[in-house]
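There are 2 protein chains.
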Amino acid sequence: MTRVQTMACGSCSNENAYKAMFIWYRNKERGHNTPSGDDLSTCMINQAPGCPELSILSFMGAFHGRTLGCLATTHSKAIHKLDVPSFDWPIAPFPRLQYPLEEFTKENTQEEAHCLEEVEDLIVKWRQKGKPVAGIVIEPIQAEGGDNHASPDFFRSLRNIARKHGCAFHVDEVQTGGGSTGKFWAHEHWGMDDPADIVSFSKKLLTGGYFHKDELQADQPYRIFNTWMGDPSKNLLLAEVLNVIRRENLLEEVTRSGKALLNGLYALQAQYPGILSRARGQGTFCAIDICDDATRNSILLKARDKGVLLGGCGDRSIRFRPALVFKEYHVHLFLNIFNDVLNQHK
Amino acid sequence: MTRVQTMACGSCSNENAYKAMFIWYRNKERGHNTPSGDDLSTCMINQAPGCPELSILSFMGAFHGRTLGCLATTHSKAIHKLDVPSFDWPIAPFPRLQYPLEEFTKENTQEEAHCLEEVEDLIVKWRQKGKPVAGIVIEPIQAEGGDNHASPDFFRSLRNIARKHGCAFHVDEVQTGGGSTGKFWAHEHWGMDDPADIVSFSKKLLTGGYFHKDELQADQPYRIFNTWMGDPSKNLLLAEVLNVIRRENLLEEVTRSGKALLNGLYALQAQYPGILSRARGQGTFCAIDICDDATRNSILLKARDKGVLLGGCGDRSIRFRPALVFKEYHVHLFLNIFNDVLNQHK
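Chain order of the listed sequences is A and B. So the first sequence is numbered by full-length UniProt numbering: it starts at 1 and just counts up by one. So the second sequence is numbered by full-length UniProt numbering: it starts at 1 and just counts up by one.
If you are wondering where the hints come from, they were derived from the structure by calculation, not from laboratory data. Where hints are given, some of them may not hold.
Just so you know, same-sequence chains aren't split out, so a pair can sit in one copy or run between any two.
[Claimed, not checked] Calculated lysine-lysine pairs in the DSS-like style (CA-CA distance at most 25 Å, straight line): (1) Lys327 to Lys131; (2) Lys28 to Lys131; (3) Lys125 to Lys28; (4) Lys327 to Lys28; (5) Lys234 to Lys203; (6) Lys234 to Lys204; (7) Lys129 to Lys164; (8) Lys77 to Lys28; (9) Lys203 to Lys259; (10) Lys131 to Lys203; (11) Lys164 to Lys213; (12) Lys106 to Lys204; (13) Lys164 to Lys125; (14) Lys131 to Lys164; (15) Lys131 to Lys259; (16) Lys129 to Lys213; (17) Lys28 to Lys129; (18) Lys183 to Lys259.
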């Protein structure tokens, strides 16, 4: 992609990415960039056609931020959304893969096909409702929602559906971007020439923002704008982080330690089948399910008391989010501690 | 106010302030803080009652930011809002005062009374529509919208209307906070004991955020949340800025130079009645209207060529936004240059 727009945080990045998609979509509908008098007068009072009834299609379990636009595409936990007014935008099911993947190839392929069908149905339904889908937003791995993965095939097909229906395709890499999956961007694992129209980032990138194609550049100044538009001091820090990633080959390191971590989780899962299931991951971006929420919380606390900070995600998953300097010997240190903790929960 | 919530920018500050008002309002409606099962399930799919049809009342000409929630309360320029979906929220007229104020006391009092009546009508109307007003948001001076002022009486009455109807009262000081009006917060000019329930800030404060009353504290963690929740490094810078403001008595300085600036603008307005009108301001937060947009742009360019950076606001205003270290002798330097520029436009 040829363009980047910096912003201060992940929510602002996604809010502005959505705005870029809406502006792009409306200009495409018009066939030109000149708003009508009616557009200009109605938008001042929040009404169509100036403020059009467009929508963004998101996925159940997604997390894209907590400001009002983002929140309309976030569906991970009720506490994030409760009591905040929202938009009538379509929500598709995200594949729920069965593990181990190699045992459930057929079921998982069917599950993904079903979700893709739903996406197309929703696009058609919302167009008929008069609220066309301007863009589809998706995480390469649903992080906050429980570390939910889908296959590269799923994302390739979804990207094609977006193209077929004239929707922009927005890949939200706020959680997955920056190297922890073993590639700098998680969408690189899909092996596509044209994986997205817009890619947002934040967190590990130390600043927020989004990359986008030329055609998603707003046609006039002040349409995408903000007091600070990001923070140059964070960009300086980021430049040095990128240098270290290159110099120390951290992406290879992550791939190596991620493999050791996931293999270790597989082994523990075999050892503690009553507690652990669905070990999964890409690079060190790993997770595992715990039998129930109470056991999960007890494990999290006991691991913390032994000096290991783990986090929960979804209903009963534990997610592993080590820094990029997490090496193979750290993996073994961790697995020993984790084994001790699990042993106390048998 | 006893509490402050930092955020990264003005838009995020207002988005989260709105969320705090919605959460507060819904808990007030419930009579307790425990959401129903229906609340929890419907909010996940963007529907009522979990995502309730609540609204924020804003004013025509207002600017509160550019993310989707904020944008639904922004009504300053079409280019900010065009093509972005919005909410059906009530928009009240902001007083359009006639200048000089002392000649139009009666008209201006009537104008403000009329706007206040409209506010009450809208609150009732939106309640009947099933979209109750959870909060009223207003700038002490509408900045982006054209430096529109209202009297302390207006704000006092508005605050009472908010209280009477059970709406939170949110004063957006993103533009006016930080000292340029001669007080640290512009709402201090209203002389009230209880001027607001929530006050947002950004820009001059170097970081974003909002102050709020205890009762507007969200009742659970993660309801108001963000990856970074502001930036401690900016708070360090701000602490030093506040030290300088105190040490150098910059608020007194601003009051003094603001008076000189406004008197100078009055004099120029008398000298160039065909070009200038409606000189107005508080501290150095001043503005003046120009006969037409083309002349305004020509004046802005010519002033720039003489080393003075001025900005436009509203349809045909010029706004003055000097730094807090702008002293009386700077005012005279400026007025001489401005006089030269105006002389070229006679």
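Measure nothing new, just compare the shortest in-copy and cross-copy C-alpha distances for Lys327 and Lys28 to 25 Å and report within, between, both or neither. neither (48 Å within a copy, 51 Å between copies)
Could you figure out if Lys106 and Lys204 sit no more than 25 Å apart (CA to CA) within one copy, between two copies, both or neither? neither (36 Å within a copy, 59 Å between copies)
Using 25 Å as the alpha-carbon threshold, which applies to Lys131 and Lys164: within, between, both, or neither? So Lys131 and Lys164 pass the 25 Å test inside one copy only (17 Å; across, 37 Å).
Could you place Lys125 and Lys28 in one of the four classes (within, between, both, neither) given a Cα distance threshold of 25 Å? Within one copy only: 20 Å inside a chain, 37 Å across chains, cut-off 25 Å.
Status of Lys129 relative to Lys28 across identical chains (alpha carbons, at most 25 Å): within (19 Å within a copy, 34 Å between copies)
Quick one: Lys234 to Lys203, C-alpha cut-off 25 Å, is that within a copy, between copies, both, or neither? both (11 Å within a copy, 18 Å between copies)
Please work out whether the CA atoms of Lys164 and Lys213 approach to 25 Å or closer within one copy, between two copies, in both situations, or in neither? So Lys164 and Lys213 pass the 25 Å test inside one copy only (17 Å; across, 50 Å).
25 Å Cα cut-off: does Lys129 pair with Lys213 within a copy, between copies, both or neither? neither (29 Å within a copy, 42 Å between copies)
Can you give me the call for Lys28 and Lys131, within, between, both or neither, at a CA distance of at most 25 Å? Classified as within; 15 Å inside a copy, 33 Å across copies.
At most 25 Å between C-alpha atoms: does Lys183 with Lys259 qualify within a copy, between copies, both, or neither? within (13 Å within a copy, 60 Å between copies)
Homomeric proximity label, Lys131 with Lys203: Cα distance no greater than 25 Å: neither (32 Å within a copy, 36 Å between copies)
Same-copy or cross-copy closeness of Lys164 to Lys125 [CA-CA at most 25 Å]: Answer is within; shortest intra-copy Cα gap is 15 Å, inter-copy 43 Å.
Violated hints, listed in ascending order, are 1, 4, 10, 12, 15 and 16; each of the other numbered hints is respected by the structure.
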